[in-house]
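Two chains, two frames, a set of hints: combine them into the complex.
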Amino acid sequence: MRLSPFFRRIVIILFLAFMIIPVLATLVFSVSIRWDRSILPEGLTLEWWWKVIERNAFRLTLKNSIVVSLATALCLSVLVTPSAYWAHTRLPRSKSIFELIAAFSFGIPGVVLALSLIRFYSNVPIPLINTPNILVAACMVLCFPFMYRPVMNSLESINVRDLKEAAESLGAGWWATLVEIILPNIMPGVLSGCLLVFSTVFAEFTLTNLLVGSRFKTFPLYLVEFTRFDGRQASALAVISFVIAWVSSLLIIWIAGKSGKQVQSVVGGH
Amino acid sequence: MVRLQRSLIGKSKRYGSWLAWIGLLPLFLFAFSFQMIPIITLLRSSLITKQGISFEYYQRAFSHVIIESFINSIKLSGITALLGVILGSIVALAIISSPRKFIRDWLTALSNVTTNFGGAPLAFAFIITLGSTGVITLILKAVGVNLYPEFRIYSISGLAIAYLYFQLPLMILLIAPSLLGLKQEWWEAAINLGANSFQFWLHIGLPILAPALLGSFLLLFANSFGAYATAWTLTGPDVNLVTVQIASLIRGEVQLEPELADALAIISLCIMSLCVGGYIWVSSKARSRYT
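Residue numbers (the numbering used here), protein chains in the order written: chain A, 1 to 270; chain B, 271 to 561.
Isolated chain B (complex conformation) (with noise of 0.2 Å):
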């Protein structure tokens, strides 16, 4: 009898796994029309020309502009990557080290909500703050020091600041568990042993950090990379980068050629994937050598 229903809850377990997927048709429903279809389209059409499959598009996609376009979308992720990656490793040392837990929990949450800002509100606070007439022009003006015309907020290297604002704090949710993982016993360990504390960091601190600060810097590469609506804001048409090229020839300002934008956007999909793609491998690598 129990063998009997043993062996009856297993079917139904068998049965109900194969059919357990039904469940999740709304979800794959969703996933399909909005996510798989739509850009198995732009592929489609990015390859398809009158002569059959081609790669027409993407070679007409190489002119003067358009390598320009990924070059400084290229340059200005990978600094502000690069840049969010140090300073917000520092800052977030200098968080988790603090003695006072008001000061850890108030920065973790400011970190929080910061990270999600972004966009135009972000973009015009920047233009007031750092902007030809912006507030910190002026202080710095009266002390004597003239960032313009040298320095504009309403170009790349201003751009770049204005992402800073969004690299950091996310650079500091992501690191923070990492470096809560290093614990105070090595260090002490280090130096009883009689290394200094550069030697221990680059002995003993970087390598064990390492996959997570190559993570990190994949996934802001990413998130900088895809950016349009503070560089829009910013700079409007004035700074050519890859998400901005994409925008104007979706709204026609420049001739119609829409399969152009396909093969633009498939190779921005492409860099993204890799980014995303080797934050998950670096990360799931780090996740197996620690547990």
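Just chain A, with the same shape it has in the complex (with noise of 0.2 Å):
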């Protein structure tokens, strides 16, 4: 079973070198005066970063970025605890329904559920179509699993009836052993999924191209703009995305590090 360590090591190095030389590139081709003519970049420069920091157009879409991956992971934690807690505690058959929702998330394209969305509230007069509501809306669908995996394994490894039982016997109600007693003991399985849903709204595009387009640009939006005039500065918009999704994941892998767990891992949209 074992691979030969010669064999192993080659594995391994071409591995790292696919993996790493991407994102290694973006981040030199962003520092580079020009890196298009020869084999190594004419020159360092910082100057392509500050032409992207000064616009208002990249703290505006920044900011729009950061909104909806926060209001997403918020809604979406708010949404899927007590639920999950529910489930666990009063209806174990229920979580099969879970599991058909998340399915159901990762099995529905992106640019199916925008069209679904569309079609449906282009219809009923709730004014949510072309808002940044329906954008929220849709990226809790796409992000569902990532909060509810977290969440329900972080419930199902800790002792809930025990200390539900004791919560309750010493008079808390439903609602108050929930955020008092229970919350804080699944907190890491919180914190996991809301970073992970948080990477993964910022980096969204297609939900955001179709629902909102111009209307209400994110950073992604504003990223591939830039690809198809300016190289150097969109390189550098790259490598803040890339820093981002870095940061939640090792922050992520860090949390379950402290908790003693093995990181759950859960397929994201591209």
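Simulated from the structure, these hints should not be mistaken for laboratory data.
A couple of the hints might just be wrong.
[Stated by the list, open to error] Taking lysine-lysine and the DSSO-like style, the derived pairs with C-alpha atoms no more than 30 Å apart in a straight line are:
1. A:217 to A:95
2. B:555 to B:453
3. B:345 to B:555
4. B:555 to A:95
5. A:51 to A:217
6. B:371 to A:258
Structure representation (structure tokens):
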């Protein structure tokens, strides 16, 4: 079953090269004066970074992305955590419904989700279409499994029944038990879920492009716009995206390490 | 007294389990308003024509361009899923058989981070690396290998390379637990009985891993079939994929035919359900076999 050490090293080096070179190249490209004629960059500069950061559109799109990402993470944790706790304590049977919703979330391609929301909500008198609200709702569908899995795993790993009975015998109600006793115990799961949702929504392009487009421009939309006319500034924007994805992922791994658990892997939208 | 108490508890439990569904009302409301009803709307409008229920829009979907987009999407997903399964398994095997713990931990962490990458930044990173004036392109040129014009990152094969960037780590994460489940004793027993490593994999390793490999293939296929952002950033409208077709119908770039988009969406939803359903079925089978 073991691979020969030589073969194993070659495989790992090739894998690392494939995963790291594109990110590293983007970083170096963003601080190069020019890097499209020679093997090495023709000198280094921070000019593109300054140009990018100076723009108002940069700040606006960054703000929009952070707002949508935070709103989605917040709404989803408020929806999922009490529901998951309720299901876990009162209705274990209903967990298969959660699984179904999660499978559905993964199974709907972004373009189909966007189309279905547009087709339905443009024909009902609810003022949702073309607003950031519909984007948050769509991102909640997209990210449902990212919140549900870590929260449910945390719930299943602690002794909910004893905690609940202890709290209730001391007179705590359902809500107080959840907020004051259960929530602190499943915090690692909720936090991991929030971080995963945040980084996914921050990089979200498909739903944003089709649901709100230029009416509410987010960071990835801004990035794609730049790739069409200025590669060096676009590369600075791409580096910012990579850093945000890396930082939130490393935080998730750190939280999982602290609570002594394996990181749950879930599938993201591309 | 005790009996009375028990029966009361029993009753309240039964009553509670009926009432308990109300506690999940917010979740149902969410799922119905943003998943079920919109999808049912799509299905309805794709089937209902002026003449009543018919498959007219589906028939119209079988135009040359649309058929080509389905072939491209299926080809791209099939190739990246297959390469992902094969290469990902080899890398996963190399990772788990590494003697140093920090290498195992860090490579798993790397897979965790990169499987959620994708979309615009990833596509752009590949333009910088393998584009016509990309870093690797220039280096290869200097040693006498000309990638262009035979290869183009803005083509379907370039897209396949970019997709592998998130397919590979996903495969590693999916298959590593199954690989760890292969017991060292089986290997030793096989070797002691005179098998070589090829025979071990053919007769023992692969049959045991088969359900996991099949399940992962389906999940990787779905993962790439539904992708849009990477393709759009890298190739724009140049590569004809199903998701690109649907998106351009939504934006009204082609003539306005919403029902055609609905039909395309329903067909791709069927393909996705087959993959995800197949994955769930295969993995539940695998679980019941070993536990």
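Verification of the hints:
1. A:217 to A:95: Violated, at roughly 37 Å.
2. B:555 to B:453: 20 Å, holds
3. B:345 to B:555: With Cα atoms ~28 Å apart, residue 345 of chain B and residue 555 of chain B stay inside 30 Å; holds.
4. B:555 to A:95: Holds - the C-alpha atoms of residue 95 of chain A and residue 555 of chain B are around 19 Å apart, at most 30 Å.
5. A:51 to A:217: 19 Å, holds
6. B:371 to A:258: Answer holds: residue 371 of chain B to residue 258 of chain A is near 17 Å, not above 30 Å.
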